[in-house]
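Chains as they are written, first to last, in the numbering used here: chain A, 1417 to 1822; chain B, 1417 to 1822.
For the record, the hints were derived by calculation from the structure and aren't laboratory data.
Hints may be right or wrong, so weigh each one.
Copies of the same chain look alike in the list, so a pair counts if it fits in one copy or across any two.
When the alpha-carbon atoms are kept at most 27 angstroms apart in a straight line, the in silico DSS-like pairs for lysine-lysine are as follows [claimed, not checked]: (1) K1626 x K1444; (2) K1653 x K1516; (3) K1626 x K1573; (4) K1444 x K1463; (5) K1661 x K1703; (6) K1755 x K1685; (7) K1730 x K1755; (8) K1730 x K1685; (9) K1463 x K1560; (10) K1560 x K1573; (11) K1561 x K1463; (12) K1677 x K1637; (13) K1626 x K1703; (14) K1777 x K1516; (15) K1626 x K1489; (16) K1678 x K1581; (17) K1820 x K1789; (18) K1730 x K1593; (19) K1626 x K1730; (20) K1608 x K1532; (21) K1489 x K1593; (22) K1685 x K1736.
2 protein chains.
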Amino acid sequence: MIAEIITIGTEITTGSTLNTNAFFLSQKLFEIGAETYYQTTVDDDEKRLMDVINIALNRSDLIITTGGLGPTKDDMTKEVISKALGLELELDPVMEENIKNLFDRMGRCMSNNNVKQATKPKGSSFIENSIGTAPGIYINKDNKKLIMLPGPPREMKLMFNNHIKDLIHDDLFIVSKSVNTVGIGESSLESKLVELNLASVNTSIATFAKDGTVEIKIIGKGKDKEQIQLEINSIIKTIDEEFDKYIYGYDNVELEEIVVKKLINKGYKIGLCESCTGGLVSSLITKVPGASNVLERAIVSYSNSSKIEEVNVKSATLEKYGAVSEETAYEMAKGLMDKVNLDLVVSITGIAGPDGETEDKPIGLVYICIMTKENYKIIKSNFNGNRTLIQNRTAIKALDEIRKIL
Amino acid sequence: MIAEIITIGTEITTGSTLNTNAFFLSQKLFEIGAETYYQTTVDDDEKRLMDVINIALNRSDLIITTGGLGPTKDDMTKEVISKALGLELELDPVMEENIKNLFDRMGRCMSNNNVKQATKPKGSSFIENSIGTAPGIYINKDNKKLIMLPGPPREMKLMFNNHIKDLIHDDLFIVSKSVNTVGIGESSLESKLVELNLASVNTSIATFAKDGTVEIKIIGKGKDKEQIQLEINSIIKTIDEEFDKYIYGYDNVELEEIVVKKLINKGYKIGLCESCTGGLVSSLITKVPGASNVLERAIVSYSNSSKIEEVNVKSATLEKYGAVSEETAYEMAKGLMDKVNLDLVVSITGIAGPDGETEDKPIGLVYICIMTKENYKIIKSNFNGNRTLIQNRTAIKALDEIRKIL
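Only chain A is shown next, with the shape it has when bound in the complex (with noise of 0.2 angstroms):
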């Protein structure tokens, strides 16, 4: 099946936007078996966008577009993929309905706009888009799958993850397994894999990075699925044995998921006692369902007076061995674990630049303590990159280091 991307959208030719969209959907198809040799990108242009959807049924099987489903006058896909194939647009009562009910619910008033949102392709069905005012649309013509979905990476990713794959499928068993590392790079975790020469007849092995991260995708495809399962299962040992340390989950799971469903297992408690993370660490156990169950409360002490009033740590200590030290970041972590009672607490202190750089203390010096009620563990860091990236990093290494005590 010869499958060919297309994203629609000025702010994408115009390189406002960065094309995330066909890099997750290339991913996505591929790994489903389908053979995407084109990618297109066309602005808001109705004569171009014909042109390209023209070019794009002459050569390829299945054709899955996002972006230009909006209630905008620019947005304006369905239209010219109707007249690409001669299909009339209609009303659907349904998804007028629908989509007047989500207005309601919003408080807003649902504009004339949005009503062409409620119309699709004779023939065509809706694809459901639980997240966002334009659903998506599924036209299968003339051996042709005709896909449209919007161009919000959040929608349009999630639709594909819900209702893309049924539609699509080939005949061919695709089976894909992915192995989640954290603390091991890139290149040294490919160098290793290229060294194993793991892959096998039917399988084939890629890594994909992804903030401190990184995902060794094992794709398995052929026509005897138990065949494949068998090879996948083998590499996967070996990539266990080989990298235990590493790993935190399977199949795209995040790592706070892991440290909150490990935090739950456990029935823990935890604080934190943030500094030059700001509260990202929060926010990212928060980002998981359940995370009231394990997080108790945190702490962003960023000044001097709010690490000495929250957490009791010593003016003496901020001043002796200033505020990203060993020293603080242990006070940070004893504080907050005397006031509360709690199973685990993590601190972190450091300086994630551009100011506050000293002769010996440079940017990206991050001081991490790890507390339980029995034990503590101090992981001093030199992370590189901007404000962002240390940031990230730094929170990357926190979770890390939660899970590994788990």
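Given the coordinates of chain A, work out where chain B should sit on it, guided by the hints.
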């Protein structure tokens, strides 16, 4: 001048590599006034690449390719383009010598494969690559300009910045200006812009939504730079008048940057008490360099006991009105204000879901309390979406409310 960017490589079409080359080139072409209507990506396949090149030659005046200039058999961009244009490939002895010297300097042996990097289509010229072995190629034939650049982003970007601008210079000026808004939906904003009918002879206007904020971009283009600037200024003036209360900044500034800047200007110290956002507002503020001048501390009072102990919320209030209520929001803010000498306190409590819904309190219900020494204000909102979206929208709302009282 209609431009097209063709990025070549199976690593992009299989979703291994995010296509940042097209993003970079689109931005650069936009800045110099070329109209990039198309971005095309194709895998490393001779026939398909040939088709894509022919389509581009048919619809665009300027074609920039990246990728496929390396020494391996997968690299065939130069060969295919030469064929499409009916040009012979010839070996350039000077370039051959250069590449040989480069290999000598690296202490590596030049393979026969590398010799093909010294060939170029007849009548074309080389573009210097000072940090890699693959030079670029520039062809100007039959009113079409064709530029081939290597795929590695670092080489490609350096070559573009150093050599390409002069080759594709146009005699048009481009001026663009952005107005950043928050608190108004993209479709309402666009309806109003359409009513205002602002675009002039040399300008166009577009809107881009991102995470609860909407950017209005005004793009002017023409031969008379001063005239364009005048037209843009006049449009901005009207937009300023019409959308005053929604505008938080100009030219792609982030809302949190504006908030931190305004807090610094007023000399305000701020404290946060977050529940459902779990530290997200604090972490957004601390992403901004200089945040330590304004953020004194933040309390993530996630549990009831932390609300009672940290910010003195009354048990009776939690029992009678619940943790998500106007009364609790008020007491959270008041408690922090009483505890610390601050100019501004923001408290947030809400139901991010998926759990926690009750009959009279739906998922997405959020109370934000903004308190100064003299006054306070409580904002009730009902947000849509999943947990992450509700948290993000709440954070943007809180930042916007801070902005508005400064």
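So, going through the hints one by one against the coordinates:
no.	hint	verdict
1	K1626 x K1444	both (16 angstroms within a copy, 24 angstroms between copies)
2	K1653 x K1516	neither (52 angstroms within a copy, 35 angstroms between copies)
3	K1626 x K1573	both (17 angstroms within a copy, 16 angstroms between copies)
4	K1444 x K1463	between (29 angstroms within a copy, 25 angstroms between copies)
5	K1661 x K1703	within (25 angstroms within a copy, 31 angstroms between copies)
6	K1755 x K1685	both (13 angstroms within a copy, 25 angstroms between copies)
7	K1730 x K1755	both (15 angstroms within a copy, 19 angstroms between copies)
8	K1730 x K1685	both (25 angstroms within a copy, 22 angstroms between copies)
9	K1463 x K1560	both (21 angstroms within a copy, 22 angstroms between copies)
10	K1560 x K1573	within (22 angstroms within a copy, 38 angstroms between copies)
11	K1561 x K1463	both (22 angstroms within a copy, 23 angstroms between copies)
12	K1677 x K1637	neither (32 angstroms within a copy, 54 angstroms between copies)
13	K1626 x K1703	both (18 angstroms within a copy, 19 angstroms between copies)
14	K1777 x K1516	between (57 angstroms within a copy, 21 angstroms between copies)
15	K1626 x K1489	between (36 angstroms within a copy, 18 angstroms between copies)
16	K1678 x K1581	neither (30 angstroms within a copy, 48 angstroms between copies)
17	K1820 x K1789	within (16 angstroms within a copy, 45 angstroms between copies)
18	K1730 x K1593	neither (50 angstroms within a copy, 50 angstroms between copies)
19	K1626 x K1730	neither (38 angstroms within a copy, 43 angstroms between copies)
20	K1608 x K1532	between (54 angstroms within a copy, 18 angstroms between copies)
21	K1489 x K1593	between (42 angstroms within a copy, 21 angstroms between copies)
22	K1685 x K1736	between (32 angstroms within a copy, 26 angstroms between copies)
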